[in-house]
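If you want the building blocks of each chain, they are given just below.
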Amino acid sequence: MAEYKRPTTEAEFKLNFKQKKPLMNDTEAYYEASRCLFCYDAPCIQACPTHIDIPLFIKQIHTNNVTGASKTIFDSNWLGNACGVVCPTGVLCEGACVYNHQDIPPIQIGRLQNYATNKTIDAKKEIFKIGKSNGKKIAIIGAGPAGIACACEARTLGFEVDIFEAKDKPSGLMVYGIAPYKITNEEVLKEVEYLQKQLQFNIKYNSAITSKEQLKQMENDYDAIFLGVGLGKTRMLELGGEDKKGVIGAVEFIEDLRMKHHELKVPKKVVVIGGGNTAMDAASEAARMGARKTVLAYRNSKEKMKAYGFEYDLAISAGVDSLFNVTPLSIVGNGKVEGVKFAKTETVEGKLQTNMNNTFIVRCDLVIKATGQAKQGNFYDLIDDLDAGNNAIIKVNNETFQTSNPKYFAGGDAINGGAEVVNAAYDGKMAAQGIHQWLNK
Amino acid sequence: MIDLSINFAGIKAPNPFWLASAPPTNSGYQVMKAFEAGWGGAVWKTLGVPVVNVSSRYGSINYRNTRMMGFNNIELITDRPLADNLREIEEVKKYFPDHAVIASLMVESKAEWEQIIKDVENAGADGIELNFGCPHGMCERGMGSAVGQEPEVLKTIVGWVKEAANIPVITKLSPNISHITDPGLAAVQGGTDAISLINTIKSIVGIDLDTYAPYPIVDGKGSNGGYCGPAVKPIALHMLKDLAQHHEISKVPISGIGGIETWRDVVEFILLGATSVQVCTAVMHYGFGIVREMEAGLRQFMEEKGYNTIYDFAGKALPNVTEWKHLNLKYKVIAEINEDKCIGCDLCYIACDDGAHQAIALPKDGSNRIPSIIEENCVGCNLCSLVCPVENCITMVKTDDGTEHITWSERTLNDDVPTTFDDDRAGGKGHFVPKPTDALKNN
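Chains as they are written, first to last, in this note's numbering: chain F, 1 to 441; chain X, 1 to 443.
If you are wondering where the hints come from, they were derived from the structure by calculation, not from laboratory data. Be careful, since some hints might not be right.
[Unchecked claim] Example chain X residues on the side facing chain F (calculated, C-beta under 7 Å, incomplete): (1) N65; (2) R67; (3) P97; (4) I343; (5) G344; (6) C345; (7) D346; (8) Y349; (9) L386.
[What the hints assert, rightly or not] Interface residues of chain X toward chain F, partial, derived using beta-carbon atoms under 7 Å: (10) I61; (11) R64; (12) P389.
The beta-carbon is built from N, C-alpha and C at its ideal position, and this holds for glycine as well.
Modelling step: build the complete structure from the supplied sequences, incorporating the hints.
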């Protein structure tokens with residue numbers, strides 16, 4: 001089990017957050033690519049949400065046609081570089097690799113993908129073509145992966161594109177929300193810059209859309225609008241003492257970390273509440289920031305956690321302790337957090353029940369709530385006839401990604417409640433095609 | 001008790017593993033190092049009037065992750081003075097009197113042949129190998145393969161050499177010829193004591209896509225080279241077989257050369273009649289130590305099969321290499337897929353469907369990716385078992401009961417072969433093939 005020293009410099013931060021999927025060198029890529037069997041109707045293609053022709057790009061890497069490999073990748077996935085390292089490949093393409101059936105390590109598809117696109121991006125190879133102008137304009141709300149993918153695809157179809165982004169950087173959770181050992185800020189921003197330079201879409205930063213008037217104006221100025229707004233802040237748990245200093249949402253914690261790196265001070269004892277992938281990331285990150293004790297607390301059993309097994313293992317290997325079958329009752333402390341009061345839970349006749357006779361306090365200085373992000377329901381209310389169901393998840397046609405208001409299209413976390421970058425990339429691309437189809441009817 | 005020693009046309013060696021005449025035998029240092037490592041003999045880098053070489057000299061073909069599957073060179077014979085080579089041969093023989101040191105020679109005139117033969121005999125060489133094979137550079141000057149491709153000239157020179165030599169003479173043949181038996185027979189008629197083959201094959205291994213020059217590139221230009229390495233083994237084996245099955249040529253021993261790298265290669269050459277083997281590319285790739293694997297494997301094979309010397313099994317495969325017309329047309333195998341081993345790559349499916357006989361089906365319900373053999377369509381071609389990446393997953397199973405045996409030759413005698421374009425006796429008549437338009441449905 002790793003013991004991490006609190007990082008005090010950028011170099012120490014980098015050491016603690018060493019990349020899980022480091023960039024391959026030419027020799028490694030050559031040998032790894034040589035292993036691909038070029039399966040017929042390859043299962044890895046099926047397993048990729050964007051259906052990249054994986055055997056083709058691997059063969060292209062092997063024959064030293066790296067630019068061709070990048071074209072193959074970007075043809076299916078506009079965020080091919082980032083996805084190579086942030087995708088949970090073990091449960092997607094690499095999980096489907098036929099080698100697994102003979103206990104042979106699967107091809108490292110993600111790293112090969114990242115290798116090819118990185119080379120092409122660094123060489124500033126121009127491989128995309130802007131479509132002939134069709135005289136129509138699209139507005140995109142949110143410069144996250146869904147929005148960027150939609151913009152790229154729309155430009156190849158000849159649309160003018162303006163992206164409205166609330167923050168001052170593009171790429172959404174890729175830069176604000178993904179664990180730093182999966183991808184660096186530089187790499188995320190490099191890819192967006194590469195795409196933007198060739199495809200010439202505009203991003204208006206610090207341009208949050210929050211009012212009906214803004215939306216009305218947008219509807220007048222543009223032929224179609226794509227909503228790539230993701231999810232909101234961490235939702236409240238409605239616990240006593242939740243407002244104390246030292247209680248923070250996981251999304252906000254990770255954003256702080258991604259922006260401040262070693263300058264973020266993480267105290268000695270941390271409790272992370274939740275059992276999803278974000279909880280695993282937050283716990284792992286707290287430990288890597290030098291917290292002496294990081295406790296992951298989940299209300300149900302280990303088996304019931306939504307997190308991928310490999311994400312849990314990663315947290316444990318970073319020195320995180322776990323508590324299962326515990327539910328938080330209140331945050332204790334005098335003005336500032338001193339601990340979390342938990343009750344044990346048990347499953348009775350298939351139902352999770354809290355045992356109020358069995359309570360205890362875990363002392364800590366920081367509580368990270370990784371219990372889900374709030375939906376953007378209030379924002380959706382500003383759009384006429386937008387059907388977001390009861391759960392504030394936008395409903396779309398699953399081929400065109402058109403919403404119930406025909407002028408609006410949507411994709412990414414806003415329509416799936418929170419999934420992978422690769423899903424958002426697919427949605428954005430398909431939505432641009434959906435818009436194209438709709439406007440050319 | 002296994003005894004690997006050989007007596008090859010009078011040349012004695014502790015084992016059949018010899019270094020071929022090539023860069024690894026350029027100096028006494030290398031040959032001594034090789035003998036220390038376990039090689040039984042060495043054919044010295046060809047001696048003659050020293051040449052001037054170019055830079056660069058080698059090119060190669062890689063296959064997937066394997067380097068130098070095929071190798072080519074444009075290096076000529078020795079560029080060192082004869083006296084230096086002779087002195088080193090003498091020194092090697094002093095340290096290794098029981099190992100075979102064979103002098104490869106290439107000169108032009110009868111007088112030169114007589115002189116150089118006397119020189120190498122004086123230096124203590126155990127035998128002579130005549131380089132009639134080199135297909136680049138030297139042939140432009142009327143030597144090497146220029147001789148190997150002209151049986152009459154070859155016979156004459158072998159005659160000169162035999163007249164002058166007191167030690168055994170091996171004639172090394174070029175594969176750059178339609179019928180290897182022509183120069184083979186000429187060598188025997190000229191009186192050669194043994195034959196070695198193959199020398200390298202005329203080749204261009206590739207073209208540089210920026211300079212448009214062939215590899216290896218010498219200042220923006222290139223020349224054809226001599227091809228060798230694992231890729232040429234099948235050609236070498238076939239030519240060896242042609243000589244070893246020839247009633248006249250087979251009277252002399254044959255030293256096998258061409259892509260030998262492992263013990264299996266060695267055994268295969270011996271099974272087709274070679275009684276010594278020569279290696280170059282494998283040493284240029286892995287060093288002299290590669291002989292460890294060859295020797296250990298050969299010993300293991302001999303132990304398991306109960307052979308004491310290589311002569312116990314030399315040529316044992318020759319009776320089984322026959323003409324196509326003598327193959328049993330009633331023999332039938334079909335493929336069988338081991339479902340437990342199958343990993344679902346479906347390469348067998350697509351290989352069969354696109355490249356063979358449409359005899360493999362994918363599961364219709366899509367429940368898994370394990371293909372199945374359509375037995376009535378399977379012609380037993382082996383393709384699926386060859387492309388399958390899993391060890392022993394697809395096997396070819398015999399389905400005929402072994403009671404019937406008829407060959408093309410026999411059917412011809414019985415007047416039972418197709419003779420017209422639409423003859424009912426065509427082997428493929430009635431055999432299933434999908435409709436041409438079925439190809440469009442699959443897409």
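**N65 (chain X) as an interface hint toward chain F, with CB separation required under 7 Å** = Holds: closest Cβ of chain F sits about 4 Å from N65 (chain X), inside 7 Å.
**Item:** Closest C-beta approach of P389 (chain X) to chain F relative to 7 Å, hint status
**Value:** Since the shortest Cβ distance to chain F is 5 Å, the answer is holds.
**Request:** With chain F as the partner, please determine if G344 (chain X) meets the hint condition of a C-beta pair closer than 7 Å.
**Result:** holds (5 Å)
**Hint check, R67 (chain X) versus chain F [nearest Cβ-Cβ separation less than 7 Å]** = The hint is violated - R67 (chain X) has no Cβ within 7 Å of chain F, the shortest such distance being about 11 Å.
**Asked** Does Y349 (chain X) pass the interface hint, meaning its C-beta sits closer than 7 Å to a C-beta of chain F?
**Response** This interface hint holds because 6 Å falls under the 7 Å limit.
**Request:** Return the status of the interface hint for R64 (chain X): holds when the least beta-carbon distance to chain F is below 7 Å, violated otherwise.
**Result:** holds (4 Å)
**Asked** When the nearest CB of chain F is found for C345 (chain X), is that gap smaller than 7 Å?
**Response** With Cβ-Cβ at 4 Å, under 7 Å, it holds.
**Minimum beta-carbon distance criterion (7 Å), I343 (chain X) to chain F** = Hint holds; I343 (chain X) Cβ to chain F Cβ min 4 Å, cut 7 Å.
**Message:** Let's test the interface hint: is any C-beta of chain F closer than 7 Å to that of P97 (chain X)?
**Reply:** Violated - the Cβ of P97 (chain X) stays beyond 7 Å from chain F, reaching only about 46 Å at its closest.
**Message:** Would the hint on L386 (chain X) be counted as holding, given a Cβ-Cβ threshold of 7 Å to chain F?
**Reply:** Violated: closest Cβ of chain F sits about 14 Å from L386 (chain X), beyond 7 Å.
**Message:** Quick check on the hint: D346 (chain X) CB to chain F CB, less than 7 Å?
**Reply:** At 4 Å from the nearest chain F Cβ, D346 (chain X) passes the 7 Å test, so the hint holds.
**chain F contact restraint on I61 (chain X) - CB to CB distance below 7 Å** = violated (13 Å)
The structure fails to meet hints 2, 3, 9, 10 from the earlier list, while all remaining hints are met.
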